[in-house]
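The lines below spell out each chain.
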Amino acid sequence: MKQFMVFVRKEFHHVFRDRRTLLILFGLPIMQILLFGYALTTEIKNAQIVIADHAKDAASEQLISRIAASKYFTINSVALADNEIEAAFRKGKVKCVVVIPAGFGNDLLHGNSAQLQIIADASDPNTAKTLTNYLTAIATDYQQDLYPTANVPLRIEPLTRMLYNPEMNGSMNFVPGVMALVLMIICTTLTSVSIVREKEMGTMEILLVSPFKPTYVVLAKAVPYLVLALTDFVIILLLSVFLLEMPVRGSLPLLFLESMLFIITCLSLGLLISSVTSSQQMAMLVSMMGMMLPTILFTGFIFPLENMPVPLQVISNLVPSRWYYMIVKAVMLKGLGPGVIWKESLVLAGMTVVLLTISIKTFKTRLA
Amino acid sequence: MNERAIVCKGLTKRFGDFIAVNNISFDVDQGEIFGFLGANGAGKTTAMRMLCGLSYPTSGEAAVAGYNVFKQQEAIKRNIGYMSQKFSLYESLTVKENIRFYGGVYGLSDRQLKEKGDELITQLGMENEVKKMVGSLPLGWKQKLAFSVAIIHQPRIVFLDEPTGGVDPVTRRQFWDLIYAAAEKGITIFVTTHYMDEAEYCNRISIMVDGRIDALDTPANLKQQFRATSMDEVFYALARSAKRSAD
Ligand SMILES: Nc1ncnc2c1ncn2[C@@H]1O[C@H](COP(=O)(O)OP(=O)(O)OP(=O)(O)O)[C@@H](O)[C@H]1O
Ligand SMILES: [Mg+2]
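Protein chains in written order, with UniProt numbering: chain A, 1 to 368; chain B, 1 to 247.
Watch out, some of these pointers could steer you wrong.
What the hints assert, rightly or not - Some chain B residues judged to face chain A by a derived CB distance under 10 Å, without partners named: (1) Asp-29; (2) Glu-32; (3) Arg-78; (4) Met-83; (5) Lys-86; (6) Leu-89; (7) Gly-104; (8) Val-105; (9) Ser-136.
As the list claims (entries may be wrong) - Short derived list, chain A residues pointing at chain B, Cβ under 8 Å: (10) Phe-7; (11) Val-8; (12) Asp-18; (13) Ile-206; (14) Val-209; (15) Pro-211; (16) Thr-215.
What the hints contain is simulated information worked out from the structure, not anything from laboratory work. Backbone N, C-alpha and C define an ideal beta-carbon position, used for all residues, glycine too.
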């Protein structure tokens with residue numbers, strides 16, 4: 001055990017003294033998430049919206065003029081019947097419809113609350129989310145100006161409806177996908193490169209001649225990267241929640257455990273890569289390029305798996321990130337618990353056992 | 001124990017059709033300094049790797065520290081030290097960290113580590129380099145450090161593969177002082193070299209040609225046998241028959 005800890009400490013020294021390793025470890029996830037975050041928050045200007053004003057009172061007019069004054073929106077037509085809304089969206093130009101129900105002003109002044117319906121075209125989820133946020137903000141502002149002093153509860157209740165894509169697939173699904181991708185690349189690259197480096201440098205021979213068991217060499221290589229990858233996971237999660245406003249609806253400990261499982265799967269894969277490659281460049285290439293493509297293709301966060309030809313769907317079952325992606329989506333976005341994701345977890349665990357066994361078996365205790 | 005440190009009978013290694021080590025037999029006594037000579041590509045490293053358990057012999061028998069190389073791998077590992085032809089310390093760790101790492105891997109206790117580490121650093125006169133990265137040291141220092149680390153667990157036998165390659169004569173001399181000091185403590189030294197002056201420092205030497213051992217005796221006896229005035233002449237007389245080109 002003490003020998004093991006000595007090894008783990010040495011591994012940490014290597015990591016923190018190697019700029020390239022640090023870059024992959026911390027630069028890669030932050031860059032990926034920031035890149036994505038930037039794509040998410042691109043400002044929208046002059047989006048075409050339609051307002052169906054059924055109230056036609058003073059309050060509704062004031063609200064409409066505020067919306068019109070904002071630089072984000074261009075109002076298309078102020079009168080629209082309910083059955084015309086669908087047609088407006090179909091044409092594709094209209095991004096959002098605001099319905100002001102009859103009696104809006106009256107409800108606002110005398111009743112407890114007034115309703116405002118916002119319908120957005122969520123086939124472009126980023127835009128839809130941004131637009132509804134803007135509209136909600138305008139409504140809130142308006143109401144605060146009406147009652148500047150009173151600390152009244154929210155009176156205008158915006159009811160948001162996402163058309164075509166009620167689950168907001170897209171941006172929301174992208175983050176779990178990026179998480180899977182980043183963890184996969186980091187874990188496989190760092191473990192495989194660090195082992196192959198020792199082979200190249202000649203220090204591996206010394207380790208194999210020592211009484212330190214080869215299995216322990218493999219495990220001692222994996223432990224530091226498990227810790228570091230978990231740190232990465234936390235960073236990614238924090239960035240997603242605070243920067244990209246991703247929800248975490250399910251249990252956080254569960255998400256952490258599942259991520260740990262996935263990280264171990266990836267580490268085992270990295271160990272396997274290290275025993276089939278003999279140079280650092282090769283190990284890097286296989287881990288980065290070799291893992292990137294299947295992850296992007298077969299995880300389902302960019303190309304929906306349901307639309308793929310059956311042979312490709314079958315292949316996708318072999319890609320670990322696909323299962324992790326399903327788990328993260330279920331836990332983070334849908335708030336589901338272990339009862340729902342046990343099957344996916346079992347598949348990942350099975351893959352880990354197989355990969356780890358193969359990589360320990362193929363780890364050459366005698367070279368040539 | 002008056003046991004032989006290394007007993008080797010008909011040891012052979014093939015890579016496909018190529019016979020890298022061809023049926024070599026020799027014994028090394030405990031406490032002996034045994035020089036393992038041969039031109040480039042003669043098969044020295046390959047033979048040494050089989051004895052250390054890094055590579056399976058194709059055929060033949062060998063025992064290291066009394067343990068069989070095929071079956072008693074773990075026992076051998078506990079009794080040997082090894083310095084490979086490639087540099088074997090971590091360049092991005094400091095002198096002290098390397099000592100602690102290798103000592104730790106060999107299971108030394110904290111107290112032993114401290115004692116041994118201090119002793120080793122004083123012996124090498126490296127008190128001011130303790131916190132320096134090994135990569136920043138001159139080659140001669142690195143090699144001396146690597147040797148001291150290879151025997152930090154006081155093995156019965158230490159295998160040294162060209163430990164002084166590329167090192168200046170003064171440092172080589174110092175290196176051999178370290179080897180003598182280790183031999184005096186009873187550690188058997190198995191060393192390969194290309195320097196004939198170093199061959200003279202050995203108790204006995206073997207000379208490999210094309211995978212075979214063509215000569216084995218004390219330096220004095222070999223000179224007599226080949227009617228030579230120096231080891232250089234002995235070596236050339238044997239190397240002339242080599243068919244294998246250096247690679
Ligand atoms: N894994 C291998 N596969 C095929 N051939 C090999 C392998 N390892 C060594 N050889 C060959 O075996 C021969 C002996 O090599 P070895 O490294 O043992 O020589 P050496 O005596 O140590 O030489 P040097 O003085 O250059 O270190 C060489 O011709 C080498 O090319
Ligand atoms: Mg050699």
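Going through the hints against the structure:
1. Asp-29: violated, 22 Å
2. Glu-32: For Glu-32/B, the interface hint is violated, since the closest Cβ of chain A sits about 20 Å away, which is over 10 Å.
3. Arg-78: holds, 5 Å
4. Met-83: Holds: closest Cβ of chain A sits about 8 Å from Met-83/B, inside 10 Å.
5. Lys-86: Interface hint status for Lys-86/B: holds (3 Å vs cutoff 10 Å).
6. Leu-89: holds, 8 Å
7. Gly-104: Because about 3 Å separates Gly-104/B from the closest Cβ in chain A, which is inside the 10 Å limit, the hint holds.
8. Val-105: holds, 5 Å
9. Ser-136: Since the shortest Cβ distance to chain A is 13 Å, the answer is violated.
10. Phe-7: Holds. Min distance 7 Å.
11. Val-8: violated, 11 Å
12. Asp-18: holds, 7 Å
13. Ile-206: With Cβ-Cβ at 5 Å, under 8 Å, it holds.
14. Val-209: holds, 4 Å
15. Pro-211: holds, 5 Å
16. Thr-215: violated, 13 Å
In the structure shown, a violation is registered for the earlier hints numbered 1, 2, 9, 11, 16, in ascending order.
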